[in-house]
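Take the sequences, apply the hints, and build the full model.
These protein sequence lines map, in sequence, to chains A and B. Note that numbering that gives the first Met the number 0 has the first sequence beginning at 0, numbered continuously upward. Note that numbering that gives the first Met the number 0 has the second sequence beginning at 0, numbered continuously upward.
Because the hints were derived from the structure by calculation, they are not lab data. Think of the CB as a built atom: it goes at the ideal place given N, C-alpha and C, for glycine as much as any other residue. Mixed in with the good hints, there may be bad ones.
To be verified - Part of the chain B face toward chain A, derived, beta carbon under 8 angstroms:
#1 Asp92
#2 Phe95
#3 Glu99
#4 Ser115
#5 Arg122
#6 Asp124
To be verified - Stretches of chain A that chain B covers, calculated by requiring three or more beta carbons in the stretch to come under 8 angstroms of a beta carbon on chain B:
#7 29-40
#8 171-178
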Amino acid sequence: MKAGLWIFIAFLVCGCEHSVPVASPIQQPPAAPSAPKTVGIFYADDLAHYRCETGKGYIFDRYVFELGPQSIAMFDTIFSGLFQKIDHLAKEPADGGEVGRDTITMHLVGFDGCEASWPILGTTTIHVAYEGVFRSKAGDIARVRGAGQADSYDIESTEMTDAALYLGGLLQIAMRRAAAQFVLEFEQRPELQDWRSGL
Amino acid sequence: MRLVPPRLLSMKRCRNVALPALLLVLVGCTTGDKVGVTASALHPGDEAIVLFPARGGGAELANDTRFVQCLSQKLSKSLPPQLPIYETKSFQDSLFPWFEPGHAPATTHELQILLSRPDVRARIDALHVRYLLSTAGTTEADGGFPGLLCGYNGCLGLLVGNEKSKLSIVALDMKGEEHNLKAEATGTTVVAGFIFPIPLAIAQSASDVCDDVSAQLRKFFVARTGGPHLGSTPAGRP
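Here it is as structure tokens:
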């Protein structure tokens, strides 16, 4: 009886850890012309290795977000459509440009999913924001941001039965919205179109 | 992060749970399944139709997945097989990011500008989509009598709520013509409270708008396709 009580208390205190399942929300390259150039892409540590946990109460589970792999998959799909070829760079390009090549450095500049508090289902809003630093061969720099947000109104009621799936669903929608804004800004800024066409 | 304080019958909770549940039960034409075909299901000669929510004000009803499913299902049933409804999500995937909710063209002029991009035009042509239906609409509360009180001992009183749904659609033929449709409907919800809340009538304005618009669209497509073969199955099609 006493042992059972302790196990029960331990269960309440410990909770469980769940990894939030996320898939890349972009499956096809954007409907945009592909520039005949090779671009070096560097995913900064703040994006590639981003990991956080939701704050945990005494009786609740905690959820772990890892944004890197799926964000990289998403932007690889996007850039592979916008450019003839992309190369992953091992180190961050310095301001002033890498000699002889155009580069893009991607950062995660905003994410609030780990601020989620119970009750998570039906009340949480997730916001995510990315920034791309476009560096030309000549050393010119342009920054493009894309931010997206999702809340329970964006989720099908069938996805509201499991908190991890629910958080993953919200994150995917927010990532897709951020990516859409990112691509649209890239497409609509003349200086970036000049950069893309090599002017 | 924005948190919504837990409030009994708060608007947020009502919107997230009660309204979808009511719509699901009452609209009667929603299943939760995706409606429409994708490129792999099309046959040579098909001219697909796609619905998408326009950007800007008045997109609430048009963005409602259940409403779009309702409209898609009704059109799928009433149009000939060679005019299939293309699944909106697949269309948005293929045309990313141009038809994303919040970014899709808000006016016919914007849509024409977008269609002048060769890459966009080529993708739409590759999907065999001929008709683009840009939808915008809202459902709004329209007065009523909030006389229902609920507490720990139960409910007492009468709640009367009126709502109005409006929808406008621009049907753009990729071969150049456009056609404007509008529908509007009102409905009243009556809930009596005597210990338990007892719904006596539930507003169905969104469902009525769905019926009205799908009937108008059917007429539009019948007129364009000649009509007599509606509902028939062309040779070679299962």
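Against the structure, the hints:
no.	hint	verdict
1	Asp92	holds (6 angstroms)
2	Phe95	holds (5 angstroms)
3	Glu99	holds (4 angstroms)
4	Ser115	violated (13 angstroms)
5	Arg122	holds (5 angstroms)
6	Asp124	violated (12 angstroms)
7	29-40	holds (count 4)
8	171-178	holds (count 3)
Violated hints, in rising order: 4, 6; the structure is consistent with all others.
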